[in-house]
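**Student:** Here's the letter readout for the chains.
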Amino acid sequence: MELPIYLDNNATTPLDPRVLEAMLPYFTSKFGNAASRNHAFGWVAEEGVDYAREQVAKLIGCTEKEIIFTSGATEGDNLAIKGVFEMYADKGNHIITATTEHKAVLDTCKHLEKQGARVTYLKVKEDGLIDLAELEAAMTPETILVSIMYGNNEIGVVQPIKEISAIAHKHGALFFSDATQAVGKIPVDVNTDGIDLMAFTAHKMYGPKGVGALYVRRKNPRVKVTSQMDGGGHERGMRSGTLNVPGIVGLGKACELCRLEMESEAQRLSALRDKLEAALTTMEESYVNGNTQHRLPHVANISFKYVEGEGLMMAMKDLAVSSGSACTSASLEPSYVLKSLGLSDDLAHSSIRFGLGRFTTEAEVDYAIENTKNAVNHLRNLSPLWEMFKEGIDLSKIEWAEH
Amino acid sequence: MAYSEKVMEHYTNPRNVGTLNKDNKNVGTGLVGAPECGDVMRLQIEVNDDNVITDAKFKTFGCGSAIASSSLATEWLKGKSIDEALAIDNMDIVEELALPPVKIHCSVLAEDAIKSAINDYRVKNGMEALAMPKSHH
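Read top to bottom, the protein sequences are chains A and B. As numbered in this note's numbering, residues 1 to 403 make up the first sequence, in order. As numbered in this note's numbering, residues 1001 to 1137 make up the second sequence, in order.
Just so you know, the hints here were simulated from the structure itself, not pulled from any lab data. Possibly wrong hints are sitting among the right ones.
Stated by the list, open to error - Listed next, the stretches of chain A that the computed footprint assigns to chain B, with coverage defined by at least 3 CB atoms under 8 Å from CB atoms of chain B:
#1 344-350
#2 383-393
What the hints assert, rightly or not - Computed cross-link-like contacts, PhoX-like style, restricted to lysine-lysine with a CA-CA straight-line distance of at most 20 Å:
#3 A:Lys91 x A:Lys224
#4 B:Lys1006 x A:Lys317
#5 A:Lys390 x B:Lys1022
#6 A:Lys339 x A:Lys123
#7 A:Lys275 x A:Lys373
#8 A:Lys219 x A:Lys103
#9 A:Lys58 x A:Lys219
#10 A:Lys123 x A:Lys162
#11 A:Lys91 x A:Lys114
#12 A:Lys397 x B:Lys1022
#13 A:Lys390 x B:Lys1057
#14 A:Lys103 x A:Lys339
Virtual Cβ for every residue (Gly too), placed ideally from N, Cα, C.
Let the hints inform the model, and build the full structure from the sequences given.
**Tutor:** Written out as structure tokens, the structure is:
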């Protein structure tokens, strides 16, 4: 077993060697521009792109023509939301999203608010799921888009996508989902799920960074987005720019591998995740964040009360994980996602996200359990809050100095 | 962001972790910060009749830099007179631990904890409290 152990697969995943192998020829011998129509170099590159488009489409149950290649999920989020807002301006200006969305969605919505959009940010319940009745109540005749993520990047909860899309459609709105964390991990089918637009990226599913895809429905209804970059009219005019052929080939291969291995892999990962969670929650005052029924198979987000996340990660020095602690950012504000669940700031500061992946072994999980337990114990011995808790002092009754 | 060697060293082998009896007249206790902000320091000093700090202990809830700052503070406090202790500036801690700008608040908190412990000692022993420096947060 090599140290440190990578358990941050929600941030990014390593490239699968099989994906790399598929990509390599497209850097060297098959380097052509996929838009070059007049020679073999272009045709070969185009063939690679076409094949990748099929591989991607097959994973999410759509047709090849509905796939727009992008630079990643952030671009996909921007293109979908801004593109719909501009294309459907005649119909209305209201967008509904949720407070736990990724910043690429939230900041895009904020940007559009300055351009005249009205945006409703739905709160989530304690378990991280949105309240369908609240969504229903927020729908208006001006609502053009509902944008709700598939699986959450911090806590892994999976939203009731079918129900959400049904509500959006009932009121004549389109449904967009940022499915960055879900595609390739759990079955996602744009038709059974009722998704009109969906963004995802290669580097969260063992593909390369810098390439992703946006699904744009072509039938029932035919959806259009205005392009956000002007240029050569690539990708049916929706996304100009020379295609990243090696990246696209890598995305295609990554999608194929995920499709073929998803079922067994999801089972293996959820068993490992459950083992990790069960072992760590035997410790006093440790809590799993988010719904534990409807969630991705590979994520565990746990708060260890009375220790601070960044200090904790320092003690878990052989593990690469992430924390909702403020100290990991310059803002001093803890994770907005955890705060949206109604978690108190101190519990949000005490959270660690474990993200398992394709290359995580059981031995690594066992090591992570021991390492984490030791780190929590080490820091609790240093923690004045833990001492007070043990003495039975109610921390909420103490007047803390403002700072 | 990588931590400096000195932060790592104090974090791995923190000095003077523990608790003094806060009810003793010669013990001053400073509890600063707030759990919501992600850092709480408790720093305690034991003072002899000559106004010299004979012992210092800490416990800290916070990031590595906060733990290292308070560990260093207790190390510096031992053997110092109260007046010398009051002269410790947060920038001394920043320099010693090579804290990056985003972690300066940890050193400010340590300075606050020292002054707060001294004040607690002063008030217990019939002296008036000194004005606390305004926290830089």
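**Student:** Please work out if lysine 219 of chain A and lysine 103 of chain A have their alpha carbons no farther apart than 20 Å.
**Tutor:** Cα-Cα ~30 Å, so violated.
**Student:** Take the C-alpha atoms of lysine 390 of chain A and lysine 1057 of chain B, compute the straight-line distance between them, and say whether it is at most 20 Å.
**Tutor:** holds (18 Å)
**Student:** Going straight from one Cα to the other, do lysine 390 of chain A and lysine 1022 of chain B come out at no more than 20 Å?
**Tutor:** holds (16 Å)
**Student:** Is the straight-line distance between the alpha-carbon of lysine 123 of chain A and that of lysine 162 of chain A 20 Å or less?
**Tutor:** holds (19 Å)
**Student:** Check the hint pairing lysine 339 of chain A with lysine 123 of chain A against an upper bound of 20 Å on the C-alpha distance.
**Tutor:** With Cα atoms ~11 Å apart, lysine 339 of chain A and lysine 123 of chain A stay inside 20 Å; holds.
**Student:** Hint check: lysine 91 of chain A vs lysine 114 of chain A, CA-CA at most 20 Å. Holds or violated?
**Tutor:** It holds: about 18 Å lies between the C-alpha atoms, which stays within 20 Å.
**Student:** Are the Cα atoms of lysine 397 of chain A and lysine 1022 of chain B separated by 20 Å or less?
**Tutor:** Distance ~19 Å between lysine 397 of chain A and lysine 1022 of chain B Cα, so the pair holds.
**Student:** Keeping to a limit of 20 Å between CA atoms, is the pair of lysine 275 of chain A and lysine 373 of chain A held or broken?
**Tutor:** holds (14 Å)
**Student:** Would the hint linking lysine 91 of chain A and lysine 224 of chain A be met if the CA-CA limit is 20 Å?
**Tutor:** This hinted pair holds, its Cα atoms lying about 13 Å apart.
**Student:** Verify the proposed pairing of lysine 103 of chain A with lysine 339 of chain A, using a straight-line Cα cut of 20 Å.
**Tutor:** holds (15 Å)
**Student:** Starting from lysine 58 of chain A, check that the Cα of lysine 219 of chain A is at most 20 Å away, please.
**Tutor:** This hinted pair holds, its Cα atoms lying about 17 Å apart.
**Student:** Verify the proposed pairing of lysine 1006 of chain B with lysine 317 of chain A, using a straight-line Cα cut of 20 Å.
**Tutor:** holds (16 Å)
The structure is inconsistent with hint 8 alone, although it conforms to all the rest.
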